[in-house]
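> Here's the letter readout for the chains.
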Amino acid sequence: MRRLIPIVLGLAVLGLVTGIAAIMIIFLGQDWGDALFWIFASVMIGSALLVVTMRDIIRCGLAMIVCFGSLAGIYVIIGAPLLAAAQVIVYIGAISVLILFAIMLTQTKDAPNRLVFQTQAVPAAIASVVIAIVLALAIGATDWGEAAKRIRITASAMSDVLFNSFVLPFEIISVLLLAAVVGGIYLAKREPGGPS
Amino acid sequence: MSDSLDAYLILAGLLFSIGSFGFLARRNAISMLMSIELMLNGVNLAIVAFGAFGASAAIAAQGSVIALMVMAVAAGEATVGLAIVIAIYRNKKTPLVDEYDSMKQ
Amino acid sequence: MSLENLIPWLVVLPMAGFLITALIGRRLGKQAHWIPVLAIFVVWVIAMGLVYQVLSGAAPLLPGSEDSHGYVVSWFTWIPADRFVVDVGFVVDSLTACLLIVVTTIGLLVHVYSVGYMSHDAGYWRFFAYLNLFMFSMLLLVLASDFLVVFVAWELVGLSSYLLIGFWYRKRSAALAAKKAFIVNRVGDVGFALGIMLIFVSLGTLDIRSVIERIGELDSTVIMAISLLLFAGAMGKSAQFPLHVWLPDAMEGPTPVSALIHAATMVNAGVYLIARTNPIFAHAQSALVIVAAIGIFTAILAASIAMTQTDIKRVLAYSTLSQLGYMFAALGVGAWTAAIFHLMTHGFFKGLLFLSSGSVIHAVHEEQDMRRMGGLAEKIPITYVTMLIGSLAIAGIPPLAGFFSKDEILGESLKLGFAWVWLIGFIVAGLTAFYMFRLMGMTFWGVFRGPKEIWDKIHESPPVMTIPLILLAIPSVFLGLYLGLPLGASRITEWLAPVFEEGERILHGGAGEPAYNLFGIDGVLILASVTIVTVGLILVWRLFGVQIGPIRMPSRPEQVRELTARAPFLYRASLNKWWFDDLYHLLFMVIGGRIAAAIWWFDREVIDGTVNAIGAGTIDAGRGLRQVQTGRVQNYALGIALGLIVMAGSYLLLAAR
Amino acid sequence: MSWQDFVTISPLVAGILAAAAILIVDLIRPGRTAVAVAVALIGLGITAVLTIAVGSGPTPTTAFGGAYKVDALTTFLDVLFIAVIAMTIVFGPDYLVPRGLPVAEFAAILVFAMSGAMLISASGDLLMLFLGLELMVLPGYLLAAFHKSDAYSTEGAIKYFLLGSFSSAIFLFGLAFVWGITGSIQLGVIASDLAAIVAGTAPLSPGLAMGLAFLTTGVAFKIAAVPFHYWTPDAYQGSPTPITGYLSVLPKVGAFALILRLFVEGLGPLADWWMPVVIVLATLTMTLGNLVALTQDNVKRMLGYSSIAHTGYMLVGLAAWASNPAGDGIAALLFYGVAYAFMNLGAFAVIAALQKRAGVTSSLATFAGLGRREPLMGILMTLFLLSLIGIPPTAGFFAKANIILAAVQAGGPLTILAVIVVLNAAIAAFYYLRVIVYMFMRDSPSDTPALRHGALLWSGLAAASVLTILLGLFPTGLLDAASVAAHALDAAGTAAQTIIPALPN
Amino acid sequence: MDVSAIPILTIVTFLPLLGALAVAVAPTSAARPIALGFALATWVVSLLLLVGYLPGRIGFQFVETQDWISVFGIQYKLGADGLSVALVVLTTTMSWISILASFKPIQTRIKEYMISFLILEVGLIGVFRALDTFLFYIFWEIVLVPMYLIIGIWGGANRIYATIKFVLYTLVGSLLMLVAILATAYAYAAGHGNVWTGAFDFEALRAYAGTGGFADGLQLLAFVAFFLAFAIKVPMFPFHTWLPDAHTEAPTAGSVMLAAIMLKLGAYGFIRFAVPLYPSAAETFAPAIIVLSLIAIIYGAIVALVQPDLTRLVAYSSVSHMGFVTLGIFVFTEQGVQGAILQMINHGLITGALFLLVGVIYERTHDRTIAKMGGLAARTPVWAAVFGFFVFASAGLPGLSGFVGEFLVLVGTFVANPYAAAVAAFVMILAAGYLLYMYGRIVLGEVSDFLAALGDHLTDMNPVEILTLVPLGTLVVIFGLQPGLILNLISGTVTETLTVVGPSAPIAIPTTVVVGLLLIVLVLVLARIGWVLLRPRPAALEPEGGAAH
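Chains A, B, C, D and E are the protein sequences, given in the same order. Here our numbering is used: the first residue of the first sequence is 40, the next is one more, and so on. Here our numbering is used: the first residue of the second sequence is 171, the next is one more, and so on. Here our numbering is used: the first residue of the third sequence is 58, the next is one more, and so on. Here our numbering is used: the first residue of the fourth sequence is 903, the next is one more, and so on. Here our numbering is used: the first residue of the fifth sequence is 3, the next is one more, and so on.
Think of the hints as simulated: they come from the structure by calculation, not from any bench. Heads up, some of the hints might be wrong.
[Said to hold, decoys possible] Pair by pair, the computed Cβ-Cβ distance ranges are:
hint, chain 1, residue 1, chain 2, residue 2, range
1, E, 193, D, 908, 27 to 37 Å
2, D, 1000, A, 213, 44 to 54 Å
3, C, 139, E, 193, 26 to 36 Å
4, D, 936, A, 209, 33 to 43 Å
5, E, 196, D, 954, 27 to 37 Å
6, A, 161, E, 196, 36 to 46 Å
Every residue, glycine too, gets a C-beta built ideally from N, C-alpha and C.
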């Protein structure tokens, strides 16, 4: 049962957040965008926290998928639907699956029972909190000279950039992936002589 | 709220720090890898946000294209990383990174 | 060719003799003595020629002087360091002549004597080589015209004395004595060297004659400093208190060496130096007083020690000290002529005494302790007679040589207003007679106290040894008469007048010394000294016996014992040489050694320790920093994160400025 | 993309094609060491020719709207990269083959990494910089793990990989900030924007400060500057020795290329802000590197720490430029990079040669009596070590002198830094000399037989040693090239000040 | 004959290098003759310098200039004045003597030995030749490596500690000097509109310094750096502790070169570079340096008094003697500098010979403990005689070369400060003390049991050994009787040196210097005590017990 607690908690949080969102819309009269942003944001952060805290690594993987999903949602809100799609395809479709496979490959039975955290979890927590605070302060204190309204990114604009000014990087990416794959195959393939 | 750049940036910052916490605190190589992915996504969010609130449509497009490429790179990194994890798992029979300390000082 | 051109040969010949003998002497074996002896003989001939020329006034006048005859030869430039130029040159004036007489004559005789004395020694050739080296150095010393060259010779005689004292190097005591002699001499030499530097710095030249001419230009304190520094050098060479400790030990050397170096010649170098530079000292009268004081103190100190020594050579050594003290006292009071006079007479009779004692030691098979001698008079008559003459001479029995010179010193010091010097010298005269005839008594009279079998084998030394004794005995008798008469205007006085007139003028402001009147003060003084000597003689004869012709007394050991028991402190003090050796040992060996050890500790532990500490500290720092590298990725990552935070903070600060 | 663009990037293309060619040839003729090496060297040769051809053309030329830019610096660095990779490939087989490791993949991945480095040296905007960096380091991770059946190799690799991607994320975040501030990824534009910002009286915005912090951290990690150096010793010790040599040179120099492009050309206007940080980093880096190296008994690990120290020396050159752009700081840095590359590669090659027989460790004891066993090897190692110490007449000496000269020119705090440099050099001498002590003043524990080494290795060593000596005796040529390259950079920087902020195409 | 036509300096400098190459390719059996041959050839050529050199002239002769690293105006510039001619001839002489002397003792790795020895000679000659500060530094460092190998490979039991100490100690100093050299060069360039031409050219720099070109701050710092480098090499108190270790561990020939030539590098550096380039700084620091020299003179002698080991004793006597050199240089008086240079050469000859002689005995007894010796005069008379000769030469006996130099230094010092001279002169006693103590202890007295036990192994000197010492002895006598030979050679150097630092008459020694020194000593002692408390085990430079080989 104990292993369900985080999920229950997660659902509770989810409910709470959606509730707040509903209240925001119905009573405070905020527009849908803000509400969705709020929901996605909280879900993303929540699931991210689960990713880094949960004991069972498989659930971590699942939580990560949730996290990436909600990030995709945020991309939509920010006005980059194409990117959101890419996010879904690349991360949820590729990377997460890859990671889950890896988890399967490297799991030993007794893995979950061991300590989840390093002995240095507390200093780590402090450090990352400090980083977060510093970042937040800096961001808040900075005038980014940003435009008042965000711009929706059309597919055409994106493809234009991608295939005109960024064609070279695009090719480089392919090379990079090629190198990665070649090496990855070499490393992952089991040697006849090597250890099993 | 959804119209302020700061909100997105702070969100990105949070994601980044959570990822870094995971990286610092987790023992399992793969969960560290996942944490790195979280961090990268945080950065991505920042990039996209910067673009979206940029001066022109071109910049906005640039932003999301860059984010796209970052994803690709992340994929590449993940491939390499997982390959290495598998390789070392063969040698050490454990995914727990803090047990890989045969070389120190 | 005139004699002038021969002067360099005086030093060249002995040097040549030294080099040749040193290189091939080993092969010559028992013939090794020919070259050295020959060299010295030639030297003697040349020297005598020079002496005659100079003293008879046949020699040309010295440049820049109206009445002193002599030769000045400059040979070659030694150090041409732009302003610091040193020429090797020679000056032969009457003072040098007097020294030449002593040095070459006794030198020659000792060479001959050694042929016999050393005949059985393995290092025969070595001995003669060293002797020639010494002759070279000594002649250079008395001939040199430049302070620095004198200093060179000064050191070289020290070297040869080192080599000869340590001649029997297998004897640890000999080696130590040699070292002691050299080092104690070095102490004086440092003073001498500093004096020379001061002279150069203040006058810009080191040529003795010009220095003496221009010394007046300097202010009195500088002159004072110069004189004291020079005197320091003299103290070292002439073994004056407190640097006297080396001379008695030097008796470890072969007896001819003691006779030549440590009685007749080298130890006189100090006297010569001060006499040579008399105008400098004349300018610094308080320095002269110090000279007088130290001299006369040494005289009585040494005499008091000599009274109880039992080693025949040590007795003579202390008597040498005492007589040198006389000479310095004379120099101090300004009776320079008297000093040189005593130097010459003492050179001869002390040389005689030493050679005779050598003959005695030879006879009793290298035994030096007088308590194992006695009654040797009948066995070795020649030695006995010569030694008796020597003793009488040193005791100051008229008309032997010692009488005149010593009487001159005492008289002058009283007349020049140094009553205290006279008084002490007066007492010392008595002591001298005492210890000399104690020696005679214990050695030649009474009964033989050594083992029987030796007694049977005792025989007179070979002629090659006895003839030098006889030759030395002659001047011991007549030299005083020859040089010291006529009383008041003695021959030596007029010889040396040109050398000392300058100093005399500065000292007494030209006021010549009071006329000599035999039937006045001087006569009284003569009587007085004769009396004190007689008292001394009678005392010693009553205690240790005597057998001279009609005068016959048995020795009375029990009275001696009684006497020593009555004044135990004085006796022990005298016996232990007033504990000076022990004091120095404590100061320089024990305490000095401790200090040196402490400094070495400082070097090892502190200075080197610091160096090593820095090295080790660095490595320890490395060891410490290693620990950072735990080998765990998360630790590394945390480190990076912290680095990031610090970096962010510092950039924020920088940005805010 | 026009034909001209293609011509401009032809060296890069050639490099990538070379890598591909190696793989293809390996597919056709698997496991043929000689063939793979031959193909690789030919490919590199072509790449070099093209590089020089393009470089000797009119520079600076740009392609793809300024994304790719060839100037004297590019050519200088590219030639160095090609040389380094060629040497590494030459040194590889002697070590790999006895351990049954494939040379073809080795060579191919190396060449990929090289093209990444070339990309950095030629990139004109942030994205290219980032991609180039990744293209350079990803193969690095793979190579570190190349001996995949060896626990040490993989352990070093995973440490390297995890920390590396961590720092990449940080670096990327920094880039994001800069992009956000300036709204452009073009280095030139960035430079001029920042110049405008600096010209304005307002202090730097916190966001920009954060961006700087993240960027500095990222690159500091890549060049292994203290306190971001932790991965270095472990990765170096674990990797197969020839690869350690590679790791100690190419990624480091590549990262410095990144610094030159990003910090000097792009963030140059902010020099006043990052100079103090660089000074502190330099001091920490060289001091800690040397101190810890003092106590190492494993030569590979020791050289790892020493490479950290050398990073510190190079940073001094950077700081010198920052405080006195008119001086020779960058030229000194470049010269140092070249000298360091050859002497370090040489040293590692000797270690690799000693480890020819599998199972031989790289501990100091391995070197005992080497001077007796293999005199030539010993002498070569001595040469490289002396050069690393900085004893004349070797490249290392002149490089160090050059750095010090630049620092002295800058004056002020840099003078103190110069003194720290020489004190460090003295400390360093100790542990380098220890190796010589073992080689010449100790006897081999058991009379291990002298190994036979391939002509390939010898030729590589010959090249390294000759360069090490020649650069010390006649450094003028390289010196001129370096200063030309450096001035190209200055020109770019100054040009940037004048560019009107403009968007790509 | 006219030797100005041929690049004789280059030949002299690099002939040994040629020899090294020849040895490298030749078979081991031929190593010795080839090495000796080249050393002798170098010697002969260097004698041509004596022939061709025109003494008494200001400035350098045989100058060869060749652009090298034009970017910074670094040149390959060689030249010689009297001082360097004298020192180079000394170097070449000692080199072939040492090579000859190491024929018998060195039996392992002969090729490597000879090669390092010849390279050492290259470096040494180069240092005395270089007229370009950068080139000078390069030669300066080149000297280190072969010496490091010579001590480390062919040395005694504790050789590794000694050799590493030697190298690190020297390196620290010389690296700081490098910074100073570069800073000076830059100051020059900056003073000439950032034109580097001549920035490393010694003559240009000296001229510029003469015009007061270098700021005082730079002068002080640079001089301190140079001072460290040279003071460590000399070695001056308190930087001397590497010397005894190096001497005790080095092979005989190594010790000879170390004592005879390498110690001179520092003194040469002072005269050639430190003083002319930074005159005002030199005058500022002179009192302190004088005090240090006095300490070195007395201190070295006192420590020598209690040394149990022959080589250590001679090493500390070197410290004392070299103190005279630095003293003479920094009193800035004519006699002082002349004496210093004489002392350099004489110390080279005499101490070199002493080490050779100690080596002779060591080779037979494999021991240098004074306490074990005794009565050698009886067993090895020739050795005893020669040893005695050099012992007295070292004690500064007049007529031998040691005396003149010392006395000139003393006179020069007396001009500047009589009390300093008095202190220095005091060493005459101490020197006699430790030298005669040693001589009496090992040569005189009865044959010690240790030596007696050796039986016939303890043979007297063989012809080769005598051959190595004859030239030294001859020179000692010649220079003792005719110091003018050297004085004329170096007069130009002396006047030139003194033109920049005027013989500023009496140099007062401020009490602050003395007090400061005492304070430092106190601090060090306390530190040492603290060290003992904190870290009982003795600090070793070799962490992994490499010291105990």
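> All the hints need checking, so say for each whether the structure fits it.
Cross-check of the supplied hints:
For residue 193 (chain E) and residue 908 (chain D), the hinted distance range of 27 to 37 Å is not satisfied, since their beta carbons lie about 52 Å from each other. The hinted window of 44 to 54 Å between residue 1000 (chain D) and residue 213 (chain A) is violated, with their beta carbons roughly 35 Å apart. About 35 Å separates the C-beta atoms of residue 139 (chain C) and residue 193 (chain E), a value consistent with the hinted range of 26 to 36 Å. Between residue 936 (chain D) and residue 209 (chain A) the C-beta distance comes to about 36 Å, which sits within the given range of 33 to 43 Å.
The beta-carbon spacing between residue 196 (chain E) and residue 954 (chain D), approximately 31 Å, falls within the hinted interval of 27 to 37 Å. One distance hint, 36 to 46 Å for the beta-carbon pair residue 161 (chain A) and residue 196 (chain E), is violated here, with the actual separation near 57 Å.
Hint violations for this structure: numbers 1, 2, 6, all remaining hints satisfied.
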